[in-house]
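A.B. asks: Starting from the structure of chain A, add chain B where the hints point.
For the record, the sequence lines run as chains A and B. Per the working numbering, the very first residue in the first sequence carries number 334; after that it's consecutive. Per the working numbering, the very first residue in the second sequence carries number 17; after that it's consecutive.
It is worth saying that the hints were derived from the structure and are not from the lab. There may be inaccurate statements among the hints.
Okay, the calculated bits of chain A under chain B, using three or more residues with CB under 8 Å as the criterion [stated by the list, open to error]:
{"id": "1", "stretch": "445 to 457"}
{"id": "2", "stretch": "466 to 478"}
{"id": "3", "stretch": "486 to 500"}
{"id": "4", "stretch": "613 to 623"}
Heads up, simulated EDC-like pairs for lysine to aspartate or glutamate below, C-alpha to C-alpha not over 20 Å straight-line [what the hints assert, rightly or not]:
{"id": "5", "chain 1": "B", "residue 1": "LYS39", "chain 2": "B", "residue 2": "ASP22"}
{"id": "6", "chain 1": "B", "residue 1": "LYS255", "chain 2": "B", "residue 2": "ASP22"}
{"id": "7", "chain 1": "B", "residue 1": "LYS165", "chain 2": "B", "residue 2": "ASP66"}
{"id": "8", "chain 1": "B", "residue 1": "LYS252", "chain 2": "B", "residue 2": "GLU196"}
{"id": "9", "chain 1": "A", "residue 1": "LYS432", "chain 2": "A", "residue 2": "ASP417"}
{"id": "10", "chain 1": "B", "residue 1": "LYS135", "chain 2": "B", "residue 2": "ASP110"}
{"id": "11", "chain 1": "B", "residue 1": "LYS138", "chain 2": "B", "residue 2": "ASP66"}
{"id": "12", "chain 1": "B", "residue 1": "LYS255", "chain 2": "A", "residue 2": "GLU572"}
{"id": "13", "chain 1": "B", "residue 1": "LYS252", "chain 2": "A", "residue 2": "GLU572"}
{"id": "14", "chain 1": "B", "residue 1": "LYS165", "chain 2": "B", "residue 2": "GLU50"}
{"id": "15", "chain 1": "B", "residue 1": "LYS252", "chain 2": "A", "residue 2": "ASP431"}
{"id": "16", "chain 1": "B", "residue 1": "LYS32", "chain 2": "B", "residue 2": "GLU50"}
{"id": "17", "chain 1": "B", "residue 1": "LYS32", "chain 2": "B", "residue 2": "GLU61"}
{"id": "18", "chain 1": "A", "residue 1": "LYS432", "chain 2": "B", "residue 2": "ASP253"}
{"id": "19", "chain 1": "A", "residue 1": "LYS578", "chain 2": "B", "residue 2": "GLU187"}
This structure is a prediction, so every number in the text was calculated from the model and none was measured. The beta-carbon is built from N, C-alpha and C at its ideal position, and this holds for glycine as well.
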Amino acid sequence: MRSFFRRAVPGDSGSAPGGTAIPDDMWVRCPRCRELTYAREWESSFKVCAKCGYNAPLSAQERIALLLDEGSFHELDAGMRSGDPLRFAPAGRPSYHDKLAQWTADSGLSEACIYGRGRVDGIPTVFSMLDMSFFAGTMGSVVGEKIARACELARDERRPLIICSASGGARQQEGSIALLQMAKTAAAVRSLGRARVPYISVLTDPTLAGVTASFAALGDCVIAEPGAVVGFAGPRLIEQATGEKLPPSADTAEFQLEHGMVDMVVLRRDLRAVVAGLLRLFLDTAAIRSSRPLSDGLLQVPEDEPVSAPVVAG
Amino acid sequence: MSVVLDFERPIAELQKRLEALEKQIAAHPKPELEAERGVVVADLERTRRDVYRDLSPWQKVQVARHALRPQTLDYAKAIFTEFTEFHGDRAYADDGAIVGGPARLNGRVVMLVGHQRGKGTKDSVSRNFGQPHPEGYRKALRLFRQAEKFGMPLVTLLDTPAASAGLADEERGQAWALAENIAAMAELQVPILTVIIGQGGSGGALALGVADRLLMLEHAIFSVAPPEAAANILWKDSKLAPEAAAALRLTAQDLVDLEVIDRIIPEPPGGAHADQAGAAEALREALVEELGSLEATPMDRLLSQRYAKYRRIGTFYE
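Bound-form chain A, shown alone:
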């Protein structure tokens, strides 16, 4: 009894990402409204708080279980690790090298992005996701490269692409190399688009700055999770920089829906069905059925159908 009570003190036990477990397998505290929920309920609702509706961050396994057919996901390039392009090691401050080691140790992950093949309701797709639990989901060389490879794999195999984003933006420790991942990933998304392969972008809490402002904004359909902070600068930075006091709704998924930046806000329990439905619509289009890529960006009349055939007199 004594040990039970000791362990039941909130915050006393080990904490899992996206909720505080008290004790290990009985109760979970919502990171936003602090409500206690039975762990089993919390897990079965995919970490959506029954009281405040908060969608807590999902690990890769949880996201895959939510969205993809069981056992269908096969990760690619799992061992890819970041270099240190700037040799970022200012005197008296943590070096990038040490930070990477620290995040690896803390999260058990090798980087902030995974990608691979997987099926949604039987439909073959390329799936990728960003994970806040490694370096706040920031985009450096590895995230940029994996997103670009995911786009190119989807393009080459003509599988729809699904990316679930969660990121603080570009990774400062990689400087301009991180910044240019925005160009690399945006170009890769366009390469996919020119092959007329659909891309569904799912924005989860939080998706900001250089990630929103590149591949995440460019989906054929952009979905956001309820209450997710989604945008460019994010409310905290705006308040800091401008002194403006923002309404609590600023830069939420619902705010972006209202302002026309996302197509829909989808409850987690509906996400798989909505994505599957979208894929079926996109895949049943003329472009996909004929697998006809955009040959180039010009609106060109086909050569065998000249606009004005020369009139031959006589």
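C.D. replies: Relative to the frame of chain A, chain B by itself:
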């Protein structure tokens, strides 16, 4: 107007001495004064060169932000002819932080688009100090498409601390505007030549700067975020900006080593603000030369080279 940076003081003092001497000479010409003038002129040249040869990254940041440093509209006047500014994004507003329109470079019609920080308080405020709103980027996108439609090579000049980041910018989709421009430039079917002329700050710069050739003035900077913002993100203290500036490797010399930029355009001794005409001439020569080589390349090849150029950027192990 005179704006003297801390480390430019030795230069300013010599300049003052030279001006005084010249006044004396004008009033009472004397051989010994002439001789002294020669010494001061030589000293000034040497001091300028020495100070500007070894600028620290943080000093470069200050030079890049200098109030007298030429901006897009200065170069539009000095280098181009018939620059005709177009206004507005056809959806919401005109944003003075980005200027653009068709112009001639060496007789050839090109589309010129660049950031404009503004001069003096009133102009700078009206241009939001060169931090564009979404409508600025959408105006730029309109001009990109027009360039493509008429086959005008696109020349962009980058000079922004960052994209504007207020609630209004969120309401109008800043991230979406930037993403659209970056993606559009990756597939735009005209040659794109970009020069970082001042501050190339974050996505706000990149949204005008996805190019076939990326050039940089000698004392310009190019960075994932303004040094103050980077210091805040990295160490929760924006006062550590000088340290961040060094760590971010944002100077032209660093970016050549990192293979981020293709070429450095040398500035006159003492920086572009000390000799605007000299800076404009150096920029003009580089633009004409680079555009010539870009136009000699077939468009489909240019597009795939552009894709490959960005595709290659990154450092990782497998």
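A.B. asks: Measure nothing beyond the straight line between the CA atoms of LYS32/B and GLU61/B; if it is 20 Å or shorter, mark the hint as holding.
C.D. replies: holds (14 Å)
A.B. asks: Would you mind confirming whether the straight-line C-alpha gap from LYS432/A to ASP253/B stays at or under 20 Å?
C.D. replies: With a Cα-Cα distance of about 18 Å, the restraint between LYS432/A and ASP253/B holds, given a limit of 20 Å.
A.B. asks: Decide if the proposed pair is consistent with the structure: LYS432/A and ASP417/A, CA atoms, cutoff 20 Å inclusive.
C.D. replies: holds (11 Å)
A.B. asks: Is LYS135/B within 20 Å of ASP110/B, Cα to Cα?
C.D. replies: With Cα atoms ~18 Å apart, LYS135/B and ASP110/B stay inside 20 Å; holds.
A.B. asks: Please verify the coverage claim for the stretch 466 to 478 of chain A: does it have three or more residues whose C-beta sits within 8 Å of some C-beta in chain B?
C.D. replies: Result for this restraint: holds, n = 5.
A.B. asks: For LYS32/B and GLU50/B, compute the direct alpha-carbon distance and say whether it is at most 20 Å.
C.D. replies: holds (16 Å)
A.B. asks: Between LYS39/B and ASP22/B, does the CA-CA distance stay at or below 20 Å?
C.D. replies: Given that 20 Å is the threshold and the Cα spacing comes to 26 Å, the pair is violated.
A.B. asks: If you look at each residue in the stretch 486 to 500 of chain A, do at least three have a Cβ nearer than 8 Å to any Cβ of chain B?
C.D. replies: As far as the stretch 486 to 500 of chain A goes, the hint is violated, because 0 residues have Cβ atoms under 8 Å from chain B.
A.B. asks: Verify this for me: three or more residues of the stretch 613 to 623 of chain A with a beta carbon less than 8 Å from a beta carbon of chain B.
C.D. replies: Per the Cβ count (0), the hint is violated.
A.B. asks: For LYS138/B and ASP66/B, compute the direct alpha-carbon distance and say whether it is at most 20 Å.
C.D. replies: violated (35 Å)
A.B. asks: Count the residues of the stretch 445 to 457 of chain A whose Cβ falls closer than 8 Å to any Cβ of chain B, and tell me whether that reaches three.
C.D. replies: violated (count 0)
A.B. asks: Against the 20 Å threshold, does the CA-CA distance of LYS255/B and ASP22/B hold or violate the hint?
C.D. replies: Between LYS255/B and ASP22/B the Cα gap is close to 17 Å, so the pair holds against 20 Å.
Going through the hint list in order, the structure does not satisfy hints 1, 3, 4, 5, 7, 8, 11, 14.
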